[in-house]
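Spelled out, the chains give:
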Amino acid sequence: MARNRALGAATVAILRAVRDGYRFGLDIMDATGLPSGTVYPTLARMENRAFLDSEWEDDATARADGRPRRRYYRLTPEGARALAEALERFGLIADSSAAAPEGAG
Amino acid sequence: MTRLLLRAWARRVPPSRRDRWLEEWLAELDALERRPTGRALERRFRALRFVWGARAHAAETARLDRSANPVTKRTPMMMMMASDLRFALRTFRRAPAFAMVAVLTLALGVGASTLMFSVLDGVALRPLPYERAEELVMVGSSSQRFPGLAPVAPADFADWRRRSVTFAQMIATEWWTLDLVDGDRPARISSAAVSGGFFEMLGATPQLGRGIDARDEAEGAEAVVVLSHGLWERRYGSDPSILGSRISTVDQTFTVVGVMPASFVHPEALWSDGVELWLPTSQTGSNMTTRSGRFLQVMGRLRPGVSLEAAREEMAAISASLAEAFPASNAGRETLIEPLRSETIGDVGRALGLLMAAVGLLLLIACVNVANLFMARAADRRGEIAVRTAIGAGAGRIRAQLLTEGVVLSLLGGVAGVVLAYLGVAAFRSIDPVGIPRVESVTVDARVLTFSLIVSVLTGVAFALVPALRLARPDALDSLRAGGRAGPDSASRRFNSALVAVELALAVVLLVGAGLFTNSFLRLQSVDPGFDAENAVTMSLTLNSGYATREERIAFFRTLAQRIEELPDVAAIGYTSALPFAGDRYLTAISFEDREVDPADPDAAEYSRVSEGYFAAMGIEVVVGRSLGELDDARAEPVALVNEAFARRYWPGEDPVGRKVATGRNQPTWYTVVGVVEDVNREALDAPATPELFLAALQVGVSTAQVVARAEGDLDRTVAGMREAVRELDATLPVEFSTMEAYVVASLNRSQFYTRLFGGFALLALLLAGVGVYGTMSYTVTQRTRELGIRLVLGAEAGQVTRMVARQGLWITAAGLLAGLVGATLASQVVESFLFGVSVRDPLTYAAGATFLALVAMAACWLPARRAGRADPIRALQSE
Numbered sequence: 001m002a003r004n005r006a007l008g009a010a011t012v013a014i015l016r017a018v019r020d021g022y023r024f025g026l027d028i029m030d031a032t033g034l035p036s037g038t039v040y041p042t043l044a045r046m047e048n049r050a051f052l053d054s055e056w057e058d059d060a061t062a063r064a065d066g067r068p069r070r071r072y073y074r075l076t077p078e079g080a081r082a083l084a085e086a087l088e089r090f091g092l093i094a095d096s097s098a099a100a101p102e103g104a105g
Numbered sequence: 001m002t003r004l005l006l007r008a009w010a011r012r013v014p015p016s017r018r019d020r021w022l023e024e025w026l027a028e029l030d031a032l033e034r035r036p037t038g039r040a041l042e043r044r045f046r047a048l049r050f051v052w053g054a055r056a057h058a059a060e061t062a063r064l065d066r067s068a069n070p071v072t073k074r075t076p077m078m079m080m081m082a083s084d085l086r087f088a089l090r091t092f093r094r095a096p097a098f099a100m101v102a103v104l105t106l107a108l109g110v111g112a113s114t115l116m117f118s119v120l121d122g123v124a125l126r127p128l129p130y131e132r133a134e135e136l137v138m139v140g141s142s143s144q145r146f147p148g149l150a151p152v153a154p155a156d157f158a159d160w161r162r163r164s165v166t167f168a169q170m171i172a173t174e175w176w177t178l179d180l181v182d183g184d185r186p187a188r189i190s191s192a193a194v195s196g197g198f199f200e201m202l203g204a205t206p207q208l209g210r211g212i213d214a215r216d217e218a219e220g221a222e223a224v225v226v227l228s229h230g231l232w233e234r235r236y237g238s239d240p241s242i243l244g245s246r247i248s249t250v251d252q253t254f255t256v257v258g259v260m261p262a263s264f265v266h267p268e269a270l271w272s273d274g275v276e277l278w279l280p281t282s283q284t285g286s287n288m289t290t291r292s293g294r295f296l297q298v299m300g301r302l303r304p305g306v307s308l309e310a311a312r313e314e315m316a317a318i319s320a321s322l323a324e325a326f327p328a329s330n331a332g333r334e335t336l337i338e339p340l341r342s343e344t345i346g347d348v349g350r351a352l353g354l355l356m357a358a359v360g361l362l363l364l365i366a367c368v369n370v371a372n373l374f375m376a377r378a379a380d381r382r383g384e385i386a387v388r389t390a391i392g393a394g395a396g397r398i399r400a401q402l403l404t405e406g407v408v409l410s411l412l413g414g415v416a417g418v419v420l421a422y423l424g425v426a427a428f429r430s431i432d433p434v435g436i437p438r439v440e441s442v443t444v445d446a447r448v449l450t451f452s453l454i455v456s457v458l459t460g461v462a463f464a465l466v467p468a469l470r471l472a473r474p475d476a477l478d479s480l481r482a483g484g485r486a487g488p489d490s491a492s493r494r495f496n497s498a499l500v501a502v503e504l505a506l507a508v509v510l511l512v513g514a515g516l517f518t519n520s521f522l523r524l525q526s527v528d529p530g531f532d533a534e535n536a537v538t539m540s541l542t543l544n545s546g547y548a549t550r551e552e553r554i555a556f557f558r559t560l561a562q563r564i565e566e567l568p569d570v571a572a573i574g575y576t577s578a579l580p581f582a583g584d585r586y587l588t589a590i591s592f593e594d595r596e597v598d599p600a601d602p603d604a605a606e607y608s609r610v611s612e613g614y615f616a617a618m619g620i621e622v623v624v625g626r627s628l629g630e631l632d633d634a635r636a637e638p639v640a641l642v643n644e645a646f647a648r649r650y651w652p653g654e655d656p657v658g659r660k661v662a663t664g665r666n667q668p669t670w671y672t673v674v675g676v677v678e679d680v681n682r683e684a685l686d687a688p689a690t691p692e693l694f695l696a697a698l699q700v701g702v703s704t705a706q707v708v709a710r711a712e713g714d715l716d717r718t719v720a721g722m723r724e725a726v727r728e729l730d731a732t733l734p735v736e737f738s739t740m741e742a743y744v745v746a747s748l749n750r751s752q753f754y755t756r757l758f759g760g761f762a763l764l765a766l767l768l769a770g771v772g773v774y775g776t777m778s779y780t781v782t783q784r785t786r787e788l789g790i791r792l793v794l795g796a797e798a799g800q801v802t803r804m805v806a807r808q809g810l811w812i813t814a815a816g817l818l819a820g821l822v823g824a825t826l827a828s829q830v831v832e833s834f835l836f837g838v839s840v841r842d843p844l845t846y847a848a849g850a851t852f853l854a855l856v857a858m859a860a861c862w863l864p865a866r867r868a869g870r871a872d873p874i875r876a877l878q879s880e
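Heads up: the protein sequence lines correspond to chains A and B, in order.
Our numbering applies: residue 1 is where the first sequence begins, and numbers increase by one.
Our numbering applies: residue 1 is where the second sequence begins, and numbers increase by one.
Keep in mind the hints are simulated off the structure, nothing from the lab.
These figures come from a predicted structure and were not determined experimentally.
One or more hints might be untrue.
[As the list claims (entries may be wrong)] Restraint-style ranges between C-beta atoms, simulated for each label pair:
id, chain 1, residue 1, chain 2, residue 2, range
1, A, TRP56, B, ARG494, 50 to 58 Å
2, B, ARG94, A, TYR72, 45 to 53 Å
3, B, LEU469, A, TRP56, 39 to 47 Å
4, A, ARG81, B, GLU33, 31 to 39 Å
5, A, ALA50, B, VAL387, 19 to 27 Å
6, B, ARG494, A, ALA50, 53 to 61 Å
7, A, GLY66, B, LEU469, 45 to 53 Å
Each residue gets a CB set at the ideal place from its N, CA and C atoms; glycine is no exception.
My request is simple: use the sequences and hints to build the entire structure.
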């Protein structure tokens, strides 16, 4: 299954977006240009592989803004290592731009 | 809208994660909606597209949860099936009536088809019980006069055997009887004279000793016999030292050289019936070098790989050369070769195929019924199914559960059905229907049980599949969850109605079939055979070589007749050489003084030799002239009687009395006709009388006779008296008793068998159709409870509601009846040759079948309809 495969391009893009500080799902979508049907399952998968972990926004903050609390993702040390390896493989180390590496819309 | 979708998809997320999953998505959606860009429509579309991804997320979350959590890890197939099984059994315990009706219905279907399959398998499908039976063939000599596999002359057989190369082996047999006089009571044993290598060719090994081989055929060889297992057991007490001992008839002594095992069956394609003893052809005294006397049946085994065509070609060539060499006896003769298998089974295979089809219909009806019950049940279970779906059961899981229930039901039904089939097979073997070969090989064995298992499982899948597919559809659940407010959708109602109509149609087909058979049977039974079968005891006996001259034979029977006449209960007594219905028929060529012989259509008549008391004892009336008398003996002028058919055919419109008729063509003996007797069916009730000639036994003598005694008192006492009369005259003569009634009943056996069989099927079909209509109508009424309640509240009369519901049922019934009548018209063609005196289109039978079914269907409609009319409107409305 996907579990033991090398990281795919979309996954790398998402991990990179998280590394670059896009921590909220909607923001990650914007940063990568990937559709929600790709982004969210990948986030779930990465969290399951412990490349990402997540935390819930402070209740008070959310209430102050009058909205539900959000879930923020961040890279774990393993995730960072895996991302570095993958980027090396893709030959994209120098490129730190957040542009979509593939033309998905 | 978008939030609704989210909530729907949240159901797919494992419960432990569901709240947080939903919370995350609500937050994301909220964030999206806060973005000010775009027009309202655009924003809405964007949100929808965004939320669409939540579906994949939910599925992924569920998948990760399954693989992460070892406890709720994807349940292995076996465990899932086990839990389905437990659940199914629990379900049935909760609804025992449903389960019982379903199991019973299936038991009838599976039982009937298992029984029928075991018969079909035993009779027609299973290979004959001989080694490489497919190589075995019957070989016959065919002529224009006797087409088909007619008997073969010994000299022809010898030439065939010597000259053919396509045959590995070839043997000849002749039906024989031995009157054994060893032991306490003389007995007539049905035997077969066989040429050497008979058992070897069939691949049968004797249980004790040896078979009959080539050395037994040599001139001057010792007379030997091989016993059947049954005879060895019955007459010789299974004596293990039987080999080498002697058994004897009045004029021959045989040495027992072998005993066959119980499993050996004498080939049924041979005429020899119930053979219990085998002897070499050299011991019958028959002329084994004749080319003009034809009395042998020939069987052969083709060499491996030789086709039937190749053997036919070779035998055609041999026949042609024999015809050239011996034109007097062999001109125009052909040699026919047919597989032993088709000669054994004949067209019974076709009849059984027909019955199997009838049973298939029955099984189909049972399936339709249970499917209907299943659907009706599902209406009660919609709550349960909804709950199961709500707590995460997928459509596939629910389908699997329903299918498991179906298979469990059908297996239970299958077990009960197999028990029924066991009983049925026992009954079938005890009836021993005439004309059905290989009855002894009909058993419920592993093959048959495998068949039942397959049928049961397929049945279960078949009837559970439709409900499973329909109920497990998400929209079906929605409509179920709606509490049936709208009632069953019209598609489902139409589907149900169609099922019931089909089942009614099938029942009509079977009912009409049963009606035709019953009609035919009744007509057959009411045929007057021309004699009085009641209280007529028959005794058959054959004089042995101790009665060498005609005078001795005439004297014996004259004395015997006098002794029997003196018995206190005997009102009349006579004897004949060929008793009607007993299977004795002799045809003779006849000629007349004033008529040339037409070689294309030679004059012929059935012929028998009868005593002077015969017509009185049989209750056959003399319509013209006189009967035979004591004085019509060897010293008097030879006389004869004819039947009405004879007089009509040969002397139409003339007085036969005083006319002369001769038997034999080359040296004719002339007989003066003294009287005409009424026609008698000779062979069966459905076989019309043919011209018959009766000669005087006191003039021409008989050696084999059936004595007929009309008893006025106790039949058993008459039988004992007759037996004693024979014993006093000659203690070595075996006798066999029966009655004319028994012969007539035996001739009805086939017709009766089919009538009972179809009657049984039709009754079952009727029962099943009734249950089917009732089940469907009940289901409809249950489903429409609310609607009907509203109608009642709004002031509809109870009668109106009842009529409205009943009308629906009546439409179904009408459609089913119509389809069934059309189907019956088509299907009845197949049974045409089985019927007597009734057309396959007999309108009365069709009308009766349809009316009968209509009555049952109307009753089955009326009960639920009346319940609908009596419904309490308040409760009906609350029933949601």
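### Task
Please flag the earlier hints that this structure goes against, numbers listed from lowest up.
Number 5 only.
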